[in-house]
Each structure stands twice: as C-alpha cells, then as structure tokens.
Amino acid sequence: MNMTEGLLLYFIKKFNGERSLSGFLHMLNGKKTSQTLSDGHLFNVSSFFGILPGLHRDEAEQTAAELLKGGMICLEKDRYTVTEKGEKKLEDFFDSHSYLYAFDGMRYKPAEQPFYQMLSLYIQSLSHAIRNDYTFFPVSQDPAVLHSVKTRFPKGEERQREADQLYREMFALLCERTDIDAEVFVLRLSRHNRTGLTNKQVAQVLNIPEVEVQLRFRSMLHFFLKKAKEENGDYRVLNKLAAGLDLDKPLTLSAQKTWHLLNEGKSMDQIIHIRRMKKSTIEDHLVEIAIHYERFSIDPYVTMEEQHRILNAYTVLQTKKLKVIKDKLEDISYFKIRLVLGKAGDVLGTANPVI
Amino acid sequence: MTFLELQTLLYERFGYREFRAGQREVIEDIFCKNDVLAMMPTGTGKSLCYQLPGYVLSGAVLIVSPLLSLMEDQVEQLKRSGEKRAVALNSFMDFQEKRRVMKRLSYYKFIYVSPEILQNDYMIRELKKLSISLFVVDEAHCISQWGHEFRTSYLKLSSIRSQLGQPPCLALTATATPEVRKDICDKLGIPTCTEHVYSVDRPNIALVTEQHQVHIDKLNRVLELASSLEGPGIIYASTRSWTEQLSEMLRQHGKNRVAAYHGGLENEDRLLIQKQFLNDELDVICCTNAFGMGINKPNIRYVIHFHLPSNIESYVQEIGRAGRDGRQSLAVLLYSSGDADLPEMFIDHEYPNEAQVIHCASLPANDLQGFMEMLDRMEMGESARRFLFYQFEKEGYFSNEGYPLPKDARERILSKIQQRKAHKRKKLSEMVEWTKGDFCKRKKIGDIFCETSQSIEWNCCSFCKLDLGLFYRKEEKERFFDEPVSWQKELRYIFNQESDDVHEKVGSISADPANERQGASN
Chain A
1 MNMTEGLLLY FIKKFNGERS LSGFLHMLNG KKTSQTLSDG HLFNVSSFFG
51 ILPGLHRDEA EQTAAELLKG GMICLEKDRY TVTEKGEKKL EDFFDSHSYL
101 YAFDGMRYKP AEQPFYQMLS LYIQSLSHAI RNDYTFFPVS QDPAVLHSVK
151 TRFPKGEERQ READQLYREM FALLCERTDI DAEVFVLRLS RHNRTGLTNK
201 QVAQVLNIPE VEVQLRFRSM LHFFLKKAKE ENGDYRVLNK LAAGLDLDKP
251 LTLSAQKTWH LLNEGKSMDQ IIHIRRMKKS TIEDHLVEIA IHYERFSIDP
301 YVTMEEQHRI LNAYTVLQTK KLKVIKDKLE DISYFKIRLV LGKAGDVLGT
351 ANPVI
Chain B
1 MTFLELQTLL YERFGYREFR AGQREVIEDI FCKNDVLAMM PTGTGKSLCY
51 QLPGYVLSGA VLIVSPLLSL MEDQVEQLKR SGEKRAVALN SFMDFQEKRR
101 VMKRLSYYKF IYVSPEILQN DYMIRELKKL SISLFVVDEA HCISQWGHEF
151 RTSYLKLSSI RSQLGQPPCL ALTATATPEV RKDICDKLGI PTCTEHVYSV
201 DRPNIALVTE QHQVHIDKLN RVLELASSLE GPGIIYASTR SWTEQLSEML
251 RQHGKNRVAA YHGGLENEDR LLIQKQFLND ELDVICCTNA FGMGINKPNI
301 RYVIHFHLPS NIESYVQEIG RAGRDGRQSL AVLLYSSGDA DLPEMFIDHE
351 YPNEAQVIHC ASLPANDLQG FMEMLDRMEM GESARRFLFY QFEKEGYFSN
401 EGYPLPKDAR ERILSKIQQR KAHKRKKLSE MVEWTKGDFC KRKKIGDIFC
451 ETSQSIEWNC CSFCKLDLGL FYRKEEKERF FDEPVSWQKE LRYIFNQESD
501 DVHEKVGSIS ADPANERQGA SN
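Protein sequences appear in the order of chains A and B.
Take 1 as the starting number for the first sequence in the numbering used here and just add one per residue.
Take 1 as the starting number for the second sequence in the numbering used here and just add one per residue.
Among the hints, erroneous ones may be present.
Distance condition first, Cα-Cα at most 20 Å in a straight line; then the derived EDC-like pairs of lysine to aspartate or glutamate [to be verified]: (1) A/Lys200 - B/Glu268; (2) B/Lys218 - B/Asp341; (3) B/Lys427 - B/Asp447; (4) B/Lys489 - A/Glu176; (5) A/Lys200 - B/Glu244; (6) B/Lys84 - A/Asp133; (7) A/Lys14 - A/Asp104; (8) A/Lys150 - B/Glu76; (9) A/Lys200 - B/Asp269; (10) A/Lys13 - A/Asp78.
Honestly, the hints are just simulated from the structure, not real lab data.
Fair warning: this is a prediction, and the values are worked out from it, not measured in the lab.
Generate coordinates for the entire structure from the input sequences, incorporating the hints supplied.
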C-alpha cells in the first residue's frame, strides 16, 4: 500500500462515514479553516493535519477508487467506511511507517519550514566555522533566515563548544529514532564538504519512495520541535533555534484576532461590531477557540441545561454528524452544538464516551 | 584617478593584477560621467565594471537586475569577498525585513533592485534621499526581450532615472545584436551613450551541431556524450518533464551525479541543486533555461542542447556558461527534424489568441482586480496575461470604466501580436538555419551579431576542424554515496567530533542506551 492509500484509509477509518471525501481533503492538505480545525479535534486527527499538502481531489478520488476495488473500504450513500480487510491493512501500514506517530501537523506544520531553514543554515555555518572555513555557499538566501542565524550564532571559541552541545542534542534525539530516520535527517543537512540532498536524492540513495523520505523528514522536524520545547534545558541549542517560531497558535489568523478581543473583555456582539464581520464568522471563531483554549468558558453562550442535553444526545446517538444531533434537539442552534462538542472534544475520544 | 591607483584598487579589492578586455575602458568612461552601453561576453567580469567604480564614487550604486536569484547571487558574492554594504530589494521580501533594510538604506553601497520594485512610490522617495552615483541596468537585453511583452516596468526606467537626479547610466549585456542594442538605448533614454562592444565570440568554446535522423538517436547520443565527456556539464532541454526524463535516463545508466533543475521544483530544492553543482558534487545538470543566469561556475566543460533555443542570442548566452575559466570547452547542439515545433508552440503561447483578445475587448471595463481574475480563468500563460494586461492599459481601457475597448484599439493590439510573433518566428528560423547550415558556425554567429569573428585553427566548430576526443574524460570520478550511509559517522563529521575527546565520551555513552539522554544534558 502506498502512502496516499494508507493515509486516506486512515482518514476514512477515523471519520467513519461522517464526512465526504472532500470533507477531509482540506484536512490532508493542511488548509486552516474553522471546519478543519474543529473536525481535526472532533475526530481526533489533528496530528495528521497537512500531512499530504499537494494531494489533489482527482488523485484522492482515484485512490479511493483503488481502495474500493481492493475491498478495503465500502461506499454507501457517498460515504466511505473501512472494511475488516482495510483495518488489517491499516495496521500493517502503520507497522511499517511508525515514524508517522511523531507527526503533529496541527501544532508544527507552520513552523516546519522556518525551523528547517534555520536549523540547516545554522548547522552548515557551524560545520564550516569550526573548521575556519568561511567561503561556503549558504543553503538559504532568505535575508530573514540569514539574519536570525546571525543573531544566534556563537563567537570564536564558543563555536566548537556549541557544536559539541548541538552534537549531543542531535545524537540523543536521533538515537530515539530508527536508523533510517536518522539517515534521512543527516543526509538532508548541509555540512563542510557536502551540500545537503533533496528529498528526491535521499530517496535515490536510500532506495525508498520520495514521499516516504519527505514524511520521515517532516516527522523528525516535528519530533525535534516537540523535544526542543518540552524538555527545556536539555536541548539548549535546539530550543534557541525554535524560539520565536509560531508554535502555539493553532487558530486561524482571524480567530486569533477574535481571541485577543475576547481577552480584552469584549462581548460577542461588540466583536461583531468592531470587526465588521458576520455573526456566523465570529461563531466559527468561538468554536475554534473552544477547541483549543481550555480557559475559554462556553457557559456565557450555552446554558448548563443545554450543555447536558447536547452531550446526552451525542452519547445516545453515537455520531458526530451535527445534522443528526440537531434533528434531535430542535430548539438548540448548530452553533451551540458545535461549541459544546468542541469543548468536550478531548473527553469524547471515539472509544471513550465518558459523559 | 591614475591608472596605477586603479590597478592598486583592483588588486586590493578584487585580487586581480590586471584588467580584462574592456573593463578599464568602461570604468574610465564611467568616471567621465558618460552613459555607457557595454556588451561583454559572459564570464569576462561585467560586474566589476560597476563594483570597482563603486569604491571611488561618493554615492551609492543602484543596480537594476531582472531576476531575484541573480540579485541574491551577486549580493552573496560581494559578501563572500568581504563587502557587507550590499543588499537586494525585491517584492518578495517580507514586510519586516524590508522595513529593517529601508531604515538603513543609506548604509549600503551596492543596492540591487528589481524593475518592479522601482514602481513603488515609497521606494523612489527613499532612494531620492540618497545620492545615487551610478545607475546600472544589468542584463540590459531583457529590456528588449521582455520589456515589450510583460516586464513592462522596464520601459519606465528612463523616467525613474531622471527622478533620481539623472545619474550616469551603465547598461550591461552579454549578448545583443545591433538591433537590440539600439532598442536598449532608446528605452533607457541614453541615445548618446558610449558603446563598448566586445565580441560575443568565445574562442575557447568549440561549437558542434549534430543532426540526427530520429529522436531516439538524439537520446542515445546525449547518453553517450554525458558518459564520455569531461564534466561538469549542463544539458539544456526545453520542458520540465524532459529535464526529468533525461536525468532519470542518465541515472539508469549508472551516472549518479546527475540532477534535474527547473522552475517547477521547490525553491529549497533548486537552491540545494545549484549549490551541489557549484561545489562539484554533481557532474551533470539537466535543466530548462531557468538555470544559468547568475550561475558563476568557472569550470563548466560542456553545454549540450537537447532541444534548440528559440533564438541565437539565447543560444550564445547559454553556451557562454561553459569555460569561464578560459579552458577549452565544448558546446553541442543536437537536432532532429521537428525540433522547431516546440519553440514554435511556445511563441504561440506567449501571446493571447485572437478570440481571447476579442472576448476581453468586448467586456465593459471594470476594476483592475476583476480583470486580472478573469484573465486567470481564461487559461492563458503568464506572459500572455501580462501582455494583454499591459496592452489594454496602454490603450486606456481601465480609465474608461463601463466601456468596451474600441475597435481600432483592438485592431492595434491584434496587429502588434502578429508583428511580435512574426519577429520571433524569424529569429527561430535563423536559429534553425544556423544549426543546419554548411558553414563555419563561429563565423556565422559573428555575421549575425555584425562582428567579424573568424574561424579559428583548432577546435573551431563541427564544420571546420574538430577533434571531439580532446573533450573526453580521462578518469572516472568517485560516485555519489556508493558506500552505505552511517548517520553516526555523518553526525560526527558535521560537528567535528572526530578528533577530540568529545568523540570518546559520546562513544562510551552510546554503548549504553540508558545513558543516551544523559549525553544530551551534559
């Protein structure tokens, strides 16, 4: 099974017939909308947000057709679900692509490229500077990246010490991964006497598919970012390089603005007025915020009684199809239902309907 | 400034003992505040002609450059040589970066700009605050090549120069026929400039054209050449997919140090492949004409054209990338019948077709953005879109809101298209004729550029006397990652952990996996 098939199968399983193919294409592509953000949360697939950025609709449909032909999924009323055979294949798929577990698209996708640019230029510069070679061609020409590297770069004597430290950090992290992940990663880097390879070239050297190289590499970047942040102190240099990257802003830009206004104590109506936006847009923002910020209380928007009724309906119906829940709760708006399900998302993991 | 002082400066700043042909003459003219058009073959040090005066003139040097990568390469080169006061300004810079640079614009000696960014009023206001001592237009043939169609910002350079206090103008190009040179002077408003024209002929590049019966013969031939010629080399093809196919074919036949390069690659990959090639980590690069301008690699030994370019100027420019170190190099053009169809098609696609023009003209003018969006939906190429937009703008379409384009204006545009296409077809047939004709290839190029290049005795061209065997490789190069990769070894090398005790320490840690994490916190 190739990468697209495997990942599509995974999404079909997770969405379990509750969204159409185009419903999760944006998700795979990493397009940030209120819908993908809340779906990611609701169906617990946020970590694979943006995992196949170039996937076209045609290709997705074709892949789905292949899966259908192979008996791994079935199609009913325009909705796909996974068959038993598909389940089995999916297990095998993840067994041979376990690096995907380190992928965390919702959190790290925006930081991927800037972090890689910075890390690779930093390492290239360090690798040359400690050998007193200053005449190399920098792998990045982006003035902003050059500037950031320059402001973080150690002076004179400290350089070898910095290299020793970064070596230890990377060695420790690469040891936690498979050899092939580590190989992919080091081959992509530029160093003294060697320019980094492109994904395609790494694929040729290691004789694995290019898309796999790309995903292994991106998973490693996510892994590094996570470690750099989590274990602050142990990974001093990586932490320094990751500092300032957009790591903790899971919201769409527009929702971020709404969130700022909420924090200034503005009411929903005031925000609609200030931002000159439609009510429904601001409602989308609130749903996003409910999903991502624990300290955001939904109580001003939904009464406790309504919250209970919504959660009840969800537990009884066992579906994330809003329409079905809405039909049951005629007098409660979609907005309120989405807000409550969004807020409760974490405890509503499919296997764990606690309420 | 005396000649001796100039020479001292040349050595101290650039490390050369002597000027190359033409440099001194151009520089002396600049010091006399003359406008200059200099045509010097690639690889003969054009940029020195404004960089050296930069150190003598009191103000800044403003360099208009057509390509982002070209600007960045120039700035990078200056920085590598220790000149920090160089900067490239372009529309792709992010806002913060731009603000940072603009705040200290007066610090810079060499300011590279795209013609497009000079359309920005704010930019002009800031530049006016500086004293600009020299106004350089690099790759000036682009004015003629692109200015008419879509880089229309080029046509406004003359008025911008006068806004900046009419500093002396230096137009630089590697290849321009007399006709194009005249066009450059007209468009830049420097009719009385001094022309320094040095021959486009590069005696150290042997010129070979080969005609093959069928396409497959060309494929076999390119494989044969790439396998036996001394590299590094460039293979030009006219489409992205052909560059990929050629590179894949060479790889299949055991040539590992090959990569494809074209505009469809991610920016990051393009940069890596460029650097690999510059660092001699690749032997062959299969590319479209997106590769080359600004690539300053002295030791390129051959340039093969798998497809023919659409005019002889482009051809001369592209093969000019070989042999910049002055050593003997080779240019091979492979031709089989039907090869002209592709460039013929490109010419058609560069312009909107008649139906598209008529359709657009029939619509009442509304806002600019709506118009652009409509063009986007019409499946036109980038240059066709820009052409159409510029022509409509020129005819005053947008200032007449609510009205369609008048019929006479429409006819003018249609006839302009016919005219440009006819011109380009003529250039193409000149190229084909040069490829197929029985004459000295070198002399013929001279004729086209109205020069008096002569055949040379050794390694002139495929019509004169030539021994291809001279260009064959003497020894096999080491191959690309033949050994299995050890990431541990790589990582040690990256951080120079081989020689000192850190290596020892880590070595012992890695023996016991439980200690690995400690290794990181040490």
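Now for the hints, and whether the structure bears them out:
{"no.": "1", "hint": "A/Lys200 - B/Glu268", "result": "holds, 12 Å"}
{"no.": "2", "hint": "B/Lys218 - B/Asp341", "result": "holds, 16 Å"}
{"no.": "3", "hint": "B/Lys427 - B/Asp447", "result": "holds, 14 Å"}
{"no.": "4", "hint": "B/Lys489 - A/Glu176", "result": "holds, 17 Å"}
{"no.": "5", "hint": "A/Lys200 - B/Glu244", "result": "holds, 12 Å"}
{"no.": "6", "hint": "B/Lys84 - A/Asp133", "result": "holds, 18 Å"}
{"no.": "7", "hint": "A/Lys14 - A/Asp104", "result": "holds, 16 Å"}
{"no.": "8", "hint": "A/Lys150 - B/Glu76", "result": "holds, 15 Å"}
{"no.": "9", "hint": "A/Lys200 - B/Asp269", "result": "holds, 9 Å"}
{"no.": "10", "hint": "A/Lys13 - A/Asp78", "result": "holds, 15 Å"}
Violated hints are absent here; each numbered hint is respected by the structure.
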